Every structure is written in C-alpha cells, then in structure tokens.
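Visitor: Top to bottom, those sequences are chains A and B. For the first sequence, the numbering used here assigns the number 537 to the last residue and increments by one with no breaks. For the second sequence, the numbering used here assigns the number 898 to the last residue and increments by one with no breaks.
What the hints contain is simulated information worked out from the structure, not anything from laboratory work. Bear in mind that the values here come from a model prediction, so they are computed numbers and not experimental data. Every residue gets a Cβ at the ideal spot worked out from N, C-alpha and C, and that includes glycine. Hints should not be assumed to be uniformly reliable.
[Stated by the list, open to error] Computed spacing ranges between beta-carbons, pair by pair:
(1) B:Ala587 <-> A:Ser65: 39 to 47 Å
(2) B:Arg787 <-> A:Gly454: 27 to 35 Å
(3) A:Arg378 <-> B:Phe740: 30 to 38 Å
(4) A:Lys394 <-> B:Gly867: 58 to 66 Å
(5) B:Val875 <-> A:Arg118: 43 to 51 Å
(6) B:Ile696 <-> A:Ala489: 49 to 57 Å
(7) A:Lys394 <-> B:Trp579: 21 to 29 Å
(8) A:Thr78 <-> B:Ala879: 30 to 38 Å
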Amino acid sequence: MAELGGPPVVSVSNLAKSFGPTRAIVDATLQVLPGEVHAIVGENGSGKSTLVKILSGVHQPGAGSLEVAGSPARFFPTPRAAQAAGIATVFQEVLTVDTRSVLDNIWIGLESVSNRVRQAEKRRRARAVLAELLEHPPALDDEVGDLSLSERQACSIARSLIREPKLLILDEATSALDFSTRSRLFGMVRRRAAEGASTILITHRMDEIDEIGDRITVMRSGSTVGTLARGEWNPEILVQMMTGAAEQAAREGREPVASADSAVVLEARELALRPGARPFGLSLRAGEVVGVAGLEGHGQDVFLKALAGLEPVEGEVERVDGSARHVVRSHRGASRLGIAYVPRERRAESIFEWMSIVENFAIATAQEDRRGPFLSERSSSTRFAEYLDLLKIKIGRGGDAITTLSGGNQQKVTIARWLAAHPRILILNDPTRGIDVNAKRDLYTLLDVLAKEGLAVVMLSTEVDEHLELMDRVLVFREGELAAELSRAELTRERLVASFFGGQSSTDSTGTASTRTASTGTASTGTASADNERQAS
Amino acid sequence: MTELRTATPGSGPASDPAGGPRTGAPASGDSRGGGARARSLWETLAATQARFPVAQVALLFVTFAVGAIAIEGFGSYNSVRNMLVLASLVGLTAVGQTLVVLVGGLDLSVSGFIVAGALTVTQLAEMYGWNFGTALLVAIVGAGLLGAFTGWLCNRLNIQPLIVTLAMSAIAVGVVQVQTGGAQSGSAPAWLSQLSAPVATTFGIPMPPVVFLWLAVGVLMWLFLSRTRTGRQIYATGTNPRAADLALIRTRRIWTGVFAFSAISAVLAGVILAGFAGSVDGSLGGPYLFQSLAAVIVGGTVFGGPGDYWRTMIGAILLVFLGTVILGLGFTIPDRQVMYGAIILLAMAAYGREKKLSSRI
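In isolation and in its complexed conformation, chain B is listed as follows (with noise of 0.2 Å):
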C-alpha cells in the first residue's frame, strides 16, 4: 500500500514521484533527522568507491602480502607471472559479460561459446580442413549472429537474458558437437599454445603474450567505453532504458551489438583457452563462465552500471590470487567455489546496500 503514487502531481506531495515520499531531491532538506553524520560518512565513502575500487585494491594487497608470508614462493616472479596467466584466461572471458552487465543483462553462454570456439578451431578445421583463419572466421560469424539474436530477442520480448542465454549455450555447443559427431577430442596448433604458455616470451620479456593482449584489450576497452559514442550510450542504456530510448538512442541495437559482442569475444577467448589447455573437451568452458561474472561483480560493475572493464581486470586478478592462497592454505578446489560463491554474495550485498544510498542522498 505504501508503494501508492498520490494522483496529484505538480504542486502535490508526489511531486517527485519516481522517488515516492521516502526519497527527496537532493536539495530538499530531507526531513530525516538524525543519523546525518553516519550519512555523511557512508557518502564519503561510497563516493570514493564509486570513483575508484579501493575496496578491491586493498583486499588486493592484503591477499597478496598474505600469501607471501603464508605461502612458500607465492611472492616469486614465476608464481606471479602464472597467476597473471591465469588472470588474463579470466579477464578475457569476462570482455563481453562486463558489456552485458553494463547494460543490464546476465550472459550464461560464455561457456558455451568458450565450448563452441574451441572445438571450431581445433576439430572442425581439422575434420572440414580448414586452414585457421577460416575455422575462426565460421566461428566469429556463428557467434555473432547467435548472439546478436539473444540481444534483440530479449530486448523484443523483454525476457530475461539468464534463460535466453542459458538456451543459446546449448545450441552453440550443440551445434558444433553435432559436427564432430561427439568426439571430443582435438589439439590447438602449437602456435597458440605458445600465446599462453607460462614459459612463453613476448619480444624477448619473460612474460606471455597472452598478458599482454589483455592489457590491449583493457586499454582498447577502456577508450570504447570511456570516449566513444557508443560507449556513452551503452552506459545510459543500462543506466535507464526508458530515458535512453526517450533519448532517441536505439536499445535495442546496442542490446543486439552487446550480446554479439559477448558471444565473439567467447569465442575468442575459447580460442585463447584452447590453445593454454592443449585438448578440447566440453567442460572447458564451465569453470570460466563463473569465474568470469564473479570478476565483473567483484570488481565493482553493477548491474546497469557503473563499471568499468579495468575494474572487471582488477576483479579478475583478485580472485585468482585468492584462488591461489586458498588452495595453498591447504583448501580445496571445492573450498575456493564456496569462497567465490561467498564473494559473490558479499559483493552484491554491499551494491544493494551503495545502491539505496546514492538514491537516498
């Protein structure tokens, strides 16, 4: 009953209805006495963190400072060059599921795609022989119809992306599988494998490739979001869809380039991924698509933003120097699932609880 709008507006009490009687305009001089400086506190705060992931970056350190003193080696260059592997394998997953957090939706197909794109390079080229440009083209093409399609679909008929792309998966990986007959075997060209491999250099620098092709895509990321036009609308199409399509911005577009997006860079980062494992199967892709939301959300892109995709890169090396402490503490694989799962909630509990405040003040 409470959530009733008077059917007055102008001079009338619901003058700002959108925020109901709870809420005022900021200069309003809010009637709610009391609390004012633990207010003001929370604000400093969450403006701070909304600037900058402070919090992310301290729980950086101290994971890391943790598993120097706890953990024999984890502070050697070797340790560390193989969690930024490691990282950049997440951070390269989670490309497309930021964009789609962004504007609001959820991306279960990353695995399938992973799936689909692995298999594509490795077995279809071999089976159809093809040379490896074409295998990824067929599945750079494939992807992005499939994924454009999930976008416009669930902008046309407003449906959740969590089942839409939850079905996309299946025909993706399906789709492929078919092809191969189930076989699931299959082996990345060497090439590839090098990409990613911990003892690969890149231009004589100790570190792979792969490393730093995530930073170019960071950097690349970065400037698309921050400084294109595109970018702008897709923040505002998440932000508030109704006032982005007042705003004469086409949503459902960028709904449909978003999820296409999301779908390509999967498939590339199966790709990637396929050449670090060395064989192909159908569970490659699990692990990541969890692994890739949990870097979004961890690193602070709320659903609709704001985010960032360098706040998703920070994410993503987080929680692999968790991972990495706490299976060297001694816990096990199924340990670090309920940590991430745990993380997760906490983080999403911690937006809810920012969220409220930023449409209070």
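Next comes chain A alone, as it looks inside the complex (with noise of 0.2 Å):
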C-alpha cells in the first residue's frame, strides 16, 4: 500500500438501511484510505453489496454520515452524483449493451450535449485502458456481443477505469473475469494504488484479497465487525469473524429419520454442472433432507435444476423405485416421476399475480378437479384445506388474489401446489428466501413432519443456520463441482462457511497453510473427502 496519508476518500459511519422490513445493513461503518485495496468480505446477505450501493449512489440510506474527502458530505441521490464525485463502481452483473461497439460500450454514459470529447480522443484513450486490461483486446468498432463474457465484463470495467476514479468499487467483479485478465486488473489498481486512487474489493476469493487486499473490513448481519491491516488475517480469524462463531450457541439440530437401510429413491451418476467439471455422483434416500450450500452463483443452482430435469447437463438423473429406475429426462419426466420442482423466485417463478389463491394452488393440479368438461371449485378447495393445516396458511377467502398474501403465505401456497402432486421427492430452491421468521419456522416444521412421511427433500438455501439446523447432510457447491459434503455429525458452522470459501472441510487444517493454498487446494481435497464419505454411507 501506498503510505499517501491525507484524509479518507470516503468515509462512511453508523450506516443503516432497511428495505421493508428486512434491515439490510444495521451499522457500518467503513473508511477507504487514500491508496489503498480494501477488502469487505462476509457471508451471501450480510450486507455488502448494499453497502456499496449506498457508497454508489443506487440506494439511498437510512440513517449514518458520509465524508468525502475528510468534510461531511450527502449521501449521493444518484448514481451520476456518485460518479461526478469520482467514484466508479462495477458491478457482478456484465453490464454491457451487446448490440453496440466496445467504443460505445466503454463511453456510454460519460458523454453528454455540453461536454463532448473528440472522436480520435475517445478511441485513444479506449484503446490505452483495453491494452492495459487484456492480453488481447477486440477492436473498438467490434460488437459487444461477440465478444466472450470475460471480455464483456473487461468493457465494463474499462468504462469505469476510464473516468480515472478517485474510488473504484468492483463489487464481485472478477468473477466473470479470465485468469489473465484479472491478474492485469489487478495490476492496474496496483499502478492506481500508487497514484493515490483507492479500491474497493468485494470478492469472495480469499487469494485475490491475499494478493492485493491492504485492509479488510468483516461484515456480518448487516454491521461491519472490524477492519484489519495485512498481516492482522487469517483464514481462520476471518471465518469468526464473518460467522460470530464464539457468541453463537450451536443450536439443537432436527432429529434424522432417514437412515441407511431407507430405501433409495433418486441416484444422479457423473454429474458435471459445466463443461470441464468434476464430475460427481449423489444418492438421495428416502426421509433424508439435503442442504445444498455454497456461494451466490457456484453450481447449487444448475444442480437443483439437473435434479428437477429442467437444465440438461452431463451425466444421469435417475429416478429408483424400488426395483424400477427410470432416468429423468425432461420436467414434465421429472414429475411424472415424482420429482417435484419449486423455485426460486417467487414472484417471477410461481405467481399468478391476479389469480386467486386456490387456483394458485390448484393450477398444476387441476386434472383432478375435473367433474366432466368443467373445473370444480369446490374440488379445488377441498384439496386445498389439507394444506392449510400442514403448512399453516393463512388466509382470508380462497377466493381472493395470491398478492392479497404475505410473501411467507405466498411461498406457502407455491409448495402446498407442489406437494399436491404428490411427489416423492421435493426440490426446494431457497424456499426461505425474503419470508418472515414465522413463515420459516412454519416451513422447517413442514419439512420435519415430510422426512417423517418418507419424502426426501434436497433444499438450497444461503443461511448457514438453515443448514445447521435442518439438514441431515449438506452438500457445498464451489465452482461448478461439488466441493464437500458435510454429514451431520461434521456440520458446523466453522466448517460449512470454511468450504464455501474453499478452506479444508477436514479437522485437521492447522491453519499454518497460507490462505492461498488453502483456497487453491480446495477442489482436489474437498472433492476427494466427499467421495470418501458418500463410498462410506
């Protein structure tokens, strides 16, 4: 790091945020030096991103202090506001418009009628940051939509190194990003380091934060819990304090019912989530529920689509009934099979807005309301109050429009529909996703009274506490290959938040291995105790 001295370049204190009622950020409080890499890691929600956001100018806060500069400033109401203060941010998402050229990609936005730029300054000055970015850089009139996802993202964070930032922000930036062009970048912030322009570095890869981090700021549940100078980390000090592991009590966990003379009901063989990965093999029994873990965007979701025969990948899907096995080949197969699907986002996924609750309810079901050529209401109904029981829905009138529900009945309702199929095996995709604390209880009761009844159940979901709790064994997902599988037995909160960022899921990490090996041997080690452990069971 640059010893620059001089005040912060932002500084924000006692931040808050809320979204409804969801408290996204609670108190943070983070200062960005001049020169300076600094680092905020923490586990999926912990508050990051919208951290960022505020700094950016996307989300307005709740409550807190912003300096620029060393004097009190607003928090900027626009994302412009924030630029025109010199900080650029890029995002994970590629935020390119693929039907234009990378000249109009890395400009955009930074044009307007009063302040033009020549058209020969424009292509030099493009053609000076893409050379800097990539080994290989397209031509300037090439199309952004030819062009390979790493490049995509190479445009986008040309567009922001561009406008010469006095605080870049790549928040989860380099994950779309090649191996070399991400070395480079992370060249060019060191050059920028030296220059005096700081860096702000949300990544969940602890060797690129080993590589040019100078500070790390730890956030968990929505307050920042400390900032520490290279030479201050380790994997291990960082893993508690992203987790609180000393202040949380381990929590009683659900009682198995599945044991190893259960009757095996799914077997995937040769599994590979993307082209190039190791492949795995899973079996699933009956009244077993499985956690599927890991970080945003690392395979759990390909999987559980590979699963419910929604995303063709390598390998097979099998679906075993007693002596019969047929291999799961579509959706529609899938739930022929028994095999029931519910996903992720709700509202864009399983709502029929303006539809009523029971048809909600009864629309992949409705073969068995059919009285002659008509539907029968009072079917549908009838079905419907089995659920309203088991999973606790309240509701007014059967009648009224699904949005008339909170979220929590809403996710209700979708899984009463899939259970309604009868199914033998549940996929739940996040099902805890944005409902309220009542709402989750209800549904870990749920899913303890269906392991009873024999159901198997394979949930993804990004609270750690979740899979504490609930799952009978949890399978951790790391770039595209399943990286560990955690029996109950081994499942702590340590060890799960640990595999997620690639630290041995084996007891015996002394922690002396640098933070770099650590992460870099992950996939063999990982990959090979779950092997060892799916041969014992």
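Two chains, two frames, a set of hints: combine them into the complex.
Guide: The following block contains the structure:
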C-alpha cells in the first residue's frame, strides 16, 4: 500500500438501511484511505452489496453520515452524483449494451451534449485502457455481443477506469474475468494505488484479497465487525469474524429420520454442472433432508435444476422406485416420476399475480378437479384445505387474489401446489428467501413432517443456520463442482463457511497453510473427502 | 443503475428480487409513508373495477342517456335493435382477439381472415361449385392451420405476434384472392343474410338471430374461460409464462391453440359479415380489426390478463353506442375514428396506472 496519508477518500459511519422489514444494514462503518485496496468480506446477505450501492448512489441510507475527502457530505442521491464525486462501480452482473460497439460501451454515460470528447481522443483513451486490461484487446468497432463474457466484463471495467475515479468499487466484478484479465486488472489496481487512487474490492476469493488487499473490513448480518490490516488476518480469524462463531451457541438440530436402510429414491451419476467440471454422484434416500450450499452462483442452482429435469447437464439423474429405474429427461418427465420442484424466484417463477389463492394452488394439478368438462372449484378448495393446517397458511378467502397474502404465505401456497402432486422427492430452491421468521419456522416444521412421511427433500439455502438446523447432510458447491459433503456429525458453522470459501473441510486443517494454498487446494481435497464419505455411507 | 439487483439473496435486501427494492410483499409494512389514505381509496376503486367493469357500465348508461336526450329516435326499439346487431358483429370478430390478448399477444390477422372467410363461402364456393358446408370446412381448416402456425412460431421463436399476424393476414387474403383471380364480387346466400338482417326475427321474436348467437357465444366463452382447465391455463400462460411453464402447462400448445382459434373465429365472423354486407370485397375486414381490438381493450381485458369475454361484450356495446351518438350529434366518420383511438389510449393509460398500483400494494 502506498503510504500517502491525508484524509480518507470516503468515510461512512453508523450507516443503516432497511428494505421494508428487512434490515440490510444495521450499523456499518467504513473508511477508505487514499491509495489503498480495501476488501470487504462477509457471507451472502451480510450487507456488502448494499453498502457499496449506497456509496454508488444506487440506494439511499436510512441513517448514517458520510465524509468525502475529510469533509462532511450528503449521501449521493443518484449514481451520476457518485460518479461526479469520483466514485465508479463495477457490479457482478455484466452490464453491457450487446448491440453496440466496444467503443460505445466504454464511453456510454460519460458523454453529454455539453461535454463532448473528440472521436480520436475517445478512441485513443479507450484503446489505452483496453490494452492495459486485456492481453488481446478486441477492436474498438467490434460488437460487444460477439465478445466472451470475460471480455464483456472487461469492457464494463474499462468504462469505470476511463473515468479515472478516485475510488473504484469492484463488487464481485472479478468473478466473470478470466485469469489473465484478472491479473492485469490487479496490476492496474496496484498502479492506481501507487498514484493515490483507492479501490474497494468485494470478492469471495481469499486468494484475491491476499494478492492485493491492504485492509479487510468484515461484515456480518448487516454490521461491520472489524477492519484488519495486512498481516492481521488469516482464514480462521476471518471465518470467525464472518460467522460470529464465538457468540453463537450451537443450535439444536433436527432429529434425522432416514437411515442407511431407507430406500434409495434418486440416484445421480457422473453429473458435471459445467463443461470440464469434475463429475460427481449422489444417492438420495427416502426421509432424507439434504442441504445444498455454497456461495451465490457456484452451481447449486444448476444442480437443483438438473435433478428436476429443467437443465440438461452431463451425466444422468435416475429415479429409483424399488427395482424400477427411470432416467429423468425433462421437467415433465421428472414430475411424472414424482419429483417436484419449487422455483426460487417466487414472483417471477411461481405466482400468477391476479389469480386467486385457490387457483394458484390448483394450477399444476387441475386435472384432479375435473368433473366432466368443467373444473369443480369445490374440489380445488377441498384439496387446498388439507394443506392449510399442514403449512399453517393464513388466508382470508380462497377466492382472494394471491397478492393479498404475505410473501411467506405465498411461498406456502406455492409449496402446497407441488405437495398436491404427491411427490416422493421435493426440491426446494431457497424457499425461505425473503419470508418472515414465523413463516420460516412453519416451513422447518413442515420439512420434518414430510421427512417422517418418507419424502426426500433437497433444499438450497443461502442461510447457514438453516443448514445447521435442518439438514441431514449438506452438499457444498464451489465453481460448479461438488466441493464438500458434510454429514450431520461434521456440520459446524465454521466448517460450512470455510468450505464455501475453499477452506479445508476436514478437521486436520492446522491453519498454518497460507490462505492461498488452502483455497487453491480446495477442489481436490474437498472433492476427495466428499467421495470418501459417499462411499462410506 | 437502479435496476441492479444485489448479488446476495436470502436474508439480503433483495429478498424479493422481482419486486426490487421499491416494492414489498403485502405484509411487509411498507416504509413509504404518506398518501396512505389516497392509496386506499385508489385501492378500493381499483379492486372494485377489477371485479366488475363499473366504469364501462356507467359510461354505457351515460352514453345511452345522452343519445336518448340529444338524438331523435335513439332510444327507440328499432334503433337499439340495430345497434345490438352492430355490436354483435363487432363482438363476434373479437372472440378470438380476447383470447389472444389474454395470453399476452395481439392478433392483426383478424381482418385478413374475415375477408378470407367471406370470400371463400361466397366466391370460391361459386367458382368450384362447392356447397356452403364444404366451403365453410375448407375455410375453417385453412384458417386453423395458418393460425396455429402463427401461434407456434411466435412462441417458439419468441417474436412479436404483431408482425407475424400482420404477415399472416396478407397471406390469408392473398391465398384466397389468387384463387378468385382478384375479382372482388360475390354474394352471400339469402339465408345467411337473414341471420343479421335487422328486420329478421328469431322464432317470432323481433330481433335478428345474430344477437342471440352472440349471446350464446358469450355464455360458452364464459364457461370455457372460467370453468375449464384449458381456460385456467390460458389465464396462467398470459399472467406469468415462466411460472406457467414451471407449473407444467404446455404454453406453446396454448399459444398455438389460441391463435388457431382466433383465425377460425375470424373466418366465422367473416362469413356472418358476408351475409350482413351482402357483397364481399377486400375492405370488408378493415374496420372490424380495429373495432375488435378496441372492444377488447375498452372492455377491460388487459394484455396477459385479467380479462373476460363478457367484458369484451360490454366493450363492443359501448363502442357502438358511442359511435352512434357521435355520428348522431353531427360528427363525421373520421371524427369517430379519432374518438376510437383516443378511447384506446385512455383505456391503456388507465390500466397502466392500475397495474402499477396492483404491483405496489
């Protein structure tokens, strides 16, 4: 880090931000010094992204104060205001206009009628930034849609760099980059640091932080819990700070229902979730509740969809029913074989907004309500009534629009929709996301009841607590591969979170190995131990 | 930039990502204070309007009252009967359009299929010596195939039905006109004309059969949409195609079927119109394309639902009443066109507002 001194580039203190009932940021304090690379780490949903979105003018905070270059300032009302103050942000989502040229994409939003830059000047500066960022930069007139994902993300990074910001924020922006581009980007970040410009780096990769981070601020449940300077951190300390392990008492877990004698209901063989990924297998027993975990976007979603026949992947998913075996080839086929899938995005993938509660429930199983050519609403309502108690659904009248219900109750109706198909395997894609605590509790109870009835449940969750409390075992995904499989007995908060970040999943981790080797060594050791466990069970 | 979603789900801020940070689940104790009273009034109005087209019915009565007061003979039995005949014709051309709008599409081939249907049963039948039944069957099968292809294509390639149906309209008319050699004459059988002749009676009732036919179609459509599984699936497909797919609804079949149905219903409407107009030419369908769409929209059926055919029926009657009053007050047909256009814009603006509200509350 360049020791430049001077007041912090930006400094926020006691920041708070809520979205409705969700407190995204409870109390955050962050100081970014001139010329430093400041990493922010934390679990999914700990508030990192909200924090940088406030700094970028995307969100307005509920409380808190901001200082820019040492003097008090108002929070930025718009992204444009933040940019004017010298803050440029690159987000994880690759944001390019695919039908326009590389040049246009780099200069987009920078020009206005009053501020025109000469074409030759534009080309020269765009070329310079791209040449530094990419080993083989594309031609400026190429259409961005024809470029690779990594190159497109490089274009959006170039868009930020060309503004020569005082503070560059990379919000998981490196995940889409290939190795060479990432190294070059880090080179540029170092050069910028030497010139006194600062960078905030949000990443899930410890090796990246070890490579260029000067300081780390750790966030947990919406609060910043501490800032560490280089040399003060190691993986154990970070995991402990992220999970608050010392403060959290171990919670009582669910009593497992399935045993080694329970019938196998589903087998997956040689699944590769992306081309070139290490294939893995899985065998699922009746009454088992299996958690699917990992950092966002590491293959968990694809895995669930593969089980439900929604996403073709290499390998085979086979439904086992006694001696009968059927390969799952399509979503419809999976459904016929007793595999039900509850999608992740409630609003976009499950809810028929203006239709009634009962209609929303009955839509996938309406054939059961047929009386001659017509549907019997009484039949739908009778079927639905069975699930009202089981799921503790609170409704006024079944004829009311589904949107009159709370998110939690909407989710329960969606789950009831699929339970009504009498599945043997229930796949839940993050079912408790964005629903209130009581609804979550109800779902946990439900899972227990279902498991006792012999249903096999595969559930993706982004909440560590859910895995600890509910799951018989947890599959951890990393970079499209099964990185670890933790059995009930091995399941601790530290171990689970460590396996997200590529820490070793076995207890013999002494902590002497540097983070870098720990994270690069993950894939092999993690998968090997998972294989062993699977063979043992 | 504000459209960006955070990459952290779960307990994170974007816990309801489809809604984004601006909206919340109904019970989320929305933090946006102020305007609560105004919103609840709007809510009540919108909720009532969502259940029943109060505004349209009110406007219907007002229009009728204005017409009865200002225009000599407007309220007479004959005048009302004539307007109902016109409304049935508009309504019958809007049967398929209603379903297409419900699944979230738009059918501009209505006019083409009206002409194709009318020409087939008049000229082609005459040229090839087909009897009426054969000609009707040929028209229905042909239209069904073309329409099915339209729906399949739009859904498969995810393209705008606006363009595809426009093309299909040209094809439908073209295919028939090639056969007839472009000669645009031909007359409908007398019995067909009796179907919609204002002076005709139905089993002794002094009202032409087409009005009763329309009523019967209305009842059937109501049963179909509200009481059958396919009807339910049409609604679901329009409301949320992605969720419909995931709920194992064969949405491509729905699109294929709905567009086939729309083409066939336009052909049948064309046959009835041929009887009403007496002679057939290529311009027969034009006015009805616009009016059928206007009836659907004005009735309160929204792209992707909610909606219903009986709403379209109210819309058709309202349009005919309004149009008659306008002409009766001394305005011209072009004036009426302007008014139709304005009404569609107003209706769309109102639904836009309503939609926003419904996604907020």
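Visitor: Please go over all the hints and tell whether each is borne out by the structure.
Guide: Consistency of the hints with the structure:
B:Ala587 and A:Ser65 have their C-beta atoms about 45 Å apart, which keeps the hinted 39 to 47 Å range intact. Look at B:Arg787 against A:Gly454: about 31 Å separates their beta carbons, and that is inside 27 to 35 Å. Between A:Arg378 and B:Phe740, the C-beta spacing of about 36 Å keeps the proposed range 30 to 38 Å intact. For A:Lys394 paired with B:Gly867, a C-beta distance near 60 Å keeps the hint of 58 to 66 Å intact.
Range check, B:Val875 to A:Arg118: about 48 Å between beta-carbon atoms, so the 43 to 51 Å window is met. A hinted range of 49 to 57 Å holds for the C-beta pair B:Ile696 and A:Ala489, which are about 55 Å apart. Taken as a hint, the range 21 to 29 Å holds for the pair A:Lys394 and B:Trp579, whose Cβ atoms sit roughly 26 Å apart. The given range of 30 to 38 Å is respected by A:Thr78 and B:Ala879, whose C-beta atoms sit roughly 36 Å from each other.
Against the hints set out earlier in the document, no violation occurs for any number.
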